[in-house]
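> Start from chain A and add chain B according to the hints.
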Amino acid sequence: MKQTNWYRLDNAAKIYPAVRTKKWSGNFRLSLNFKEKVDPAVLQQALDDIRKRIVNLNLVLRKGFFWYFFEETDRYVLVQHERQSPCGRIGGEHNKDMPYRVTYYNNRIAIEIFHALADGTGGMIFLKSLAARYIELKYHEKIPKYQDIILCESEYSPEEMEDAFKRYAKFRTLKDRSESKGYHFKGTVLPSEQTSVITGIIPFDKLHEKSKEYKVTVTEFIVSLMIQSFMECQSKSRIRKEKPVKVSVPINLRKLYPSRTLRNFALYINPGIEPRYGEFTFEEITEEVHHFMRMNNKEKYLNAIMCKNLSDEFNPLVRIIPLGLKNIALFIAFKMYGETLVSSTFSNLGKVDLPPEMSKYIDRVEFMLGKFMSGMPSAAASSYNGNMYINWTSGFCDKEIEKGFFTSLIKMGIPVKIESNLV
Amino acid sequence: MSYCVNCGVELDKSLKKCPLCSTAVINPNDIDEDIPVTTYPVEEISKVVRQMKKLVGIFITVIFSVILILCPLCNYIISDRITWSKYVILSVMFLWCCVVPPIIIEKKNFIKSVFIDFISACVYLSFMNYFTTPNVNWFMNISLPILLYLLGAVVLLYSLARKKIKVLYIVSTGFVLSGIFCVMTEYFISKFRFGSINFVWSVPVLVSCVGIALLLVIISKLSKLSTIKKFMHI
Numbered sequence: 001m002k003q004t005n006w007y008r009l010d011n012a013a014k015i016y017p018a019v020r021t022k023k024w025s026g027n028f029r030l031s032l033n034f035k036e037k038v039d040p041a042v043l044q045q046a047l048d049d050i051r052k053r054i055v056n057l058n059l060v061l062r063k064g065f066f067w068y069f070f071e072e073t074d075r076y077v078l079v080q081h082e083r084q085s086p087c088g089r090i091g092g093e094h095n096k097d098m099p100y101r102v103t104y105y106n107n108r109i110a111i112e113i114f115h116a117l118a119d120g121t122g123g124m125i126f127l128k129s130l131a132a133r134y135i136e137l138k139y140h141e142k143i144p145k146y147q148d149i150i151l152c153e154s155e156y157s158p159e160e161m162e163d164a165f166k167r168y169a170k171f172r173t174l175k176d177r178s179e180s181k182g183y184h185f186k187g188t189v190l191p192s193e194q195t196s197v198i199t200g201i202i203p204f205d206k207l208h209e210k211s212k213e214y215k216v217t218v219t220e221f222i223v224s225l226m227i228q229s230f231m232e233c234q235s236k237s238r239i240r241k242e243k244p245v246k247v248s249v250p251i252n253l254r255k256l257y258p259s260r261t262l263r264n265f266a267l268y269i270n271p272g273i274e275p276r277y278g279e280f281t282f283e284e285i286t287e288e289v290h291h292f293m294r295m296n297n298k299e300k301y302l303n304a305i306m307c308k309n310l311s312d313e314f315n316p317l318v319r320i321i322p323l324g325l326k327n328i329a330l331f332i333a334f335k336m337y338g339e340t341l342v343s344s345t346f347s348n349l350g351k352v353d354l355p356p357e358m359s360k361y362i363d364r365v366e367f368m369l370g371k372f373m374s375g376m377p378s379a380a381a382s383s384y385n386g387n388m389y390i391n392w393t394s395g396f397c398d399k400e401i402e403k404g405f406f407t408s409l410i411k412m413g414i415p416v417k418i419e420s421n422l423v
Numbered sequence: 001m002s003y004c005v006n007c008g009v010e011l012d013k014s015l016k017k018c019p020l021c022s023t024a025v026i027n028p029n030d031i032d033e034d035i036p037v038t039t040y041p042v043e044e045i046s047k048v049v050r051q052m053k054k055l056v057g058i059f060i061t062v063i064f065s066v067i068l069i070l071c072p073l074c075n076y077i078i079s080d081r082i083t084w085s086k087y088v089i090l091s092v093m094f095l096w097c098c099v100v101p102p103i104i105i106e107k108k109n110f111i112k113s114v115f116i117d118f119i120s121a122c123v124y125l126s127f128m129n130y131f132t133t134p135n136v137n138w139f140m141n142i143s144l145p146i147l148l149y150l151l152g153a154v155v156l157l158y159s160l161a162r163k164k165i166k167v168l169y170i171v172s173t174g175f176v177l178s179g180i181f182c183v184m185t186e187y188f189i190s191k192f193r194f195g196s197i198n199f200v201w202s203v204p205v206l207v208s209c210v211g212i213a214l215l216l217v218i219i220s221k222l223s224k225l226s227t228i229k230k231f232m233h234i
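If you read the sequences in order, they're chains A and B. Position 229 of the first sequence, counted from 1, bears residue number 229 in the numbering used here, the numbering being contiguous throughout. Position 161 of the second sequence, counted from 1, bears residue number 161 in the numbering used here, the numbering being contiguous throughout.
Bound conformation, chain B alone:
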């Protein structure tokens, strides 16, 4: 039995200092006793997992950097200038952006990773466009709108999933979004290639996607009809 010399309260055996005034508990008679059971469980925050993740991140980075150094070197030695290796460099950098940040970011944030992927894909494709066909700007006309749409669609689906909406609703939204995706792709490609807008294959795809989505919504609604009163009570 120990008392706080400052406050005068009796202290539980497990306490090493007074919770009220932080004065250390020193009881010469209690030193030999076993470690007492604490009144609440004591938790330790584990840092092992975090360190492991950092190590994996460093490992991948080192391997990628070796490729980044070796490829241009070989390319230069063999053909006296940089030809094919720039594609390798770009692709490896793009791959690194997709793989490493999600591993090492401490707080898992899906949206953040998607944004990093989006930006790296944009950079990758724009450089590819510049290296392969500098006169034809397919990046701005086709790739960027499609990437933007994909980003929006992924963010929308993710936020729906986070809101614990029924899986069937999320799947049907996915169907509608992919239908729209087909129409969009055909729109941009035909506009870029022929200068005119001509829908051939995408519209039937969209119609069937919407049909499937509606079917799914009806299926999930059927099970809900009886609960409308509960959901809408004022």
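In isolation and in its complexed conformation, chain A is listed as follows:
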């Protein structure tokens, strides 16, 4: 299995260790609910087993002189009981610098991942593989080879660890990155260790039907609703100069390139509206978002963004700066061009497919983003078993954005069930 025992961070991963602070790191979380209560001992065994097969789960983040890098380790990883505020900073007392943690609570298992290690798609493969092993151990069910699920006995392929950005970048042209700053929600801030989570459970077919009425996809529909909610909030707050409302949407590049990497392979595009042109109706917002997404979600444009990002990494001046200085520069760049450009993020993992041998034990599958550094409310969604689970995470006590979002769904006649960690 082992060929080399250390890996460079991929292009998208490089920013995350640099901007991580004592109390915050850029994480996301994937969870699934079984029909029965989770047995922690079996879960531990399942984790131990799949760690023998999936290289990513055996990596620790280390500091080099010029860059961070991942190194293979045989450090033991304990499954933990879940916390009330999920997706807290990764790298604590329990798992030192392990870039992920596995938790359980009642019927649910979750894997919380530091974004430097993988993206949502990669993370979902870890979770599915963990669940498959858990079901094998607990219910003695033989899980067949199915889509991207990694079974313990399957063969390791070096492609799982490839830096797909480097493989597919064509360097024909570089895309300009200049963009105006977006509106940011302001409110009463929660203590740094707390995250508010509001989950909306929505029947997928009703949502799909509604988005068809507006002639857009479900992602575009939800992004438009988010933009509308942020816009209403901005106009209520009576800011003298209104800023554009933009929502960052990650694009899974595995759909454009045939990569099987388990690491980061996604880029962001930021559809939005500019309130200076006047008031937008919901139909107009959906149109803006729809055309922007169609226009920008193209292989050629995305490749140019990818090349721009890589060209910064390849710049010899950047490369020879020692890590400490590089971290400061990256932190400043992140403050200037990171979260400030957009008002929120919406990451849709899409429909989660499981083989029938697994789906009969599993009730729901959820995707959640960790709290952002600025605490801005952001959402992530996944659909499973006819329902769409939209998880809003935020660092604010105020819930105007979430309320605006869910009540507009109710007004459209789409039922929403709400769950939260704030009882």
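Calculated from the structure, these hints are not laboratory results. Beta carbons: idealized from backbone N, C-alpha and C, even for Gly. Please note that the accuracy of each hint is not assured.
Within a straight-line C-alpha distance of at most 20 angstroms, the following computed SDA-like cross-link-like pairs (lysine to any residue) qualify [as the list claims (entries may be wrong)]:
hint, chain 1, residue 1, chain 2, residue 2
1, A, K417, B, C21
2, B, K221, A, E71
3, A, K417, B, T23
4, B, K163, A, R89
5, B, K164, A, T21
6, B, K164, A, Q194
7, B, K221, A, F65
8, B, K164, A, F69
9, A, K35, B, D12
10, A, K37, B, V37
11, A, K206, B, G8
12, B, K230, A, F66
13, B, K17, A, Q194
14, A, K35, B, V37
15, A, K22, B, Y158
16, B, K163, A, Y68
Derived coverage of chain A by chain B (criterion: at least 3 residues anywhere in the stretch with Cβ under 8 angstroms from a Cβ of chain B; other residues may be distant) [unchecked claim]:
hint, stretch
17, 73-84
18, 192-199
19, 400-408
Frame of chain A; chain B shown alone:
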């Protein structure tokens, strides 16, 4: 099944108020039901430990204050003036500064405790100097430089340990620092006593300390040679 009367969303059984608008959930049909399982674990912040620590702090303070009152009283009754008890008072106060703050400070802060210890040691020694030999200023000439050096050394070692540097490196730094400490001590003592600088015993100590430190560094480097490429990748 409850709905928020304000937003119209369906609410999970465990919710006591709507998370979106904070409207309380009142469902007359649900009152008799068992307490539902929450969707996330609910954590309570424990205050018991903190209160216990405060109690211990108060207990020690009371005992020390009894000593502080009794000693001068006895001293005064027996010999009609304060003689030996001032040393006891000073020592007890110094001990209190070393013991109590680290117990009662809520957020454990090593550096803060070290600074408190440093300042109290300075105060203690300067008064001792004043009480015992007011004509000879050994505090400024010997004690203060040594204390300052010790403070610096402790802070340095602590910050190295916090940075998760290899234990061998920290130990070798400790060796070098103690070597320098010996040289410094001899320097200040000989300068104070004889007025001239004359190194006798400290230099061999320093040399052997540095030697041990180098040995330790080489040992830890040997295991690292193969990983230089990884560490220095550009």
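> Checking C-beta pairs, does the stretch 73-84 of chain A have three or more residues closer than 8 angstroms to chain B?
holds (count 4)
> Is the straight-line distance between the alpha-carbon of K164(B) and that of Q194(A) 20 angstroms or less?
violated, 27 angstroms
> Taking only the CA atoms, is the gap from K35(A) to V37(B) under or equal to 20 angstroms?
holds, 14 angstroms
> Does F69(A) lie within 20 angstroms of K164(B) when you go C-alpha to C-alpha?
Status holds; Cα separation ~17 angstroms.
> Against the 20 angstroms threshold, does the CA-CA distance of K164(B) and T21(A) hold or violate the hint?
holds, 16 angstroms
> Straight-line Cα separation of K221(B) and E71(A) no greater than 20 angstroms?
Satisfied, since the Cα-Cα distance of roughly 18 angstroms is no more than 20 angstroms.
> Tell me if chain B covers the stretch 400-408 of chain A under the three-residue, 8 angstroms CB rule, please?
Coverage by chain B holds here, the residue count being 4 at a Cβ distance below 8 angstroms.
> Is K417(A) close enough to T23(B), meaning Cα to Cα at most 20 angstroms?
holds, 15 angstroms
> Does R89(A) sit within 20 angstroms of K163(B), going by the straight-line distance between their CA atoms?
holds, 18 angstroms
> Check the hint pairing K206(A) with G8(B) against an upper bound of 20 angstroms on the C-alpha distance.
holds, 17 angstroms
> Is K37(A) within 20 angstroms of V37(B), Cα to Cα?
The hint holds at about 12 angstroms.
> Does the structure keep K17(B) and Q194(A) at a Cα separation of 20 angstroms or less?
Answer holds: K17(B) to Q194(A) is near 19 angstroms, not above 20 angstroms.
The structure fails hint 6 only (numbered hints given earlier).
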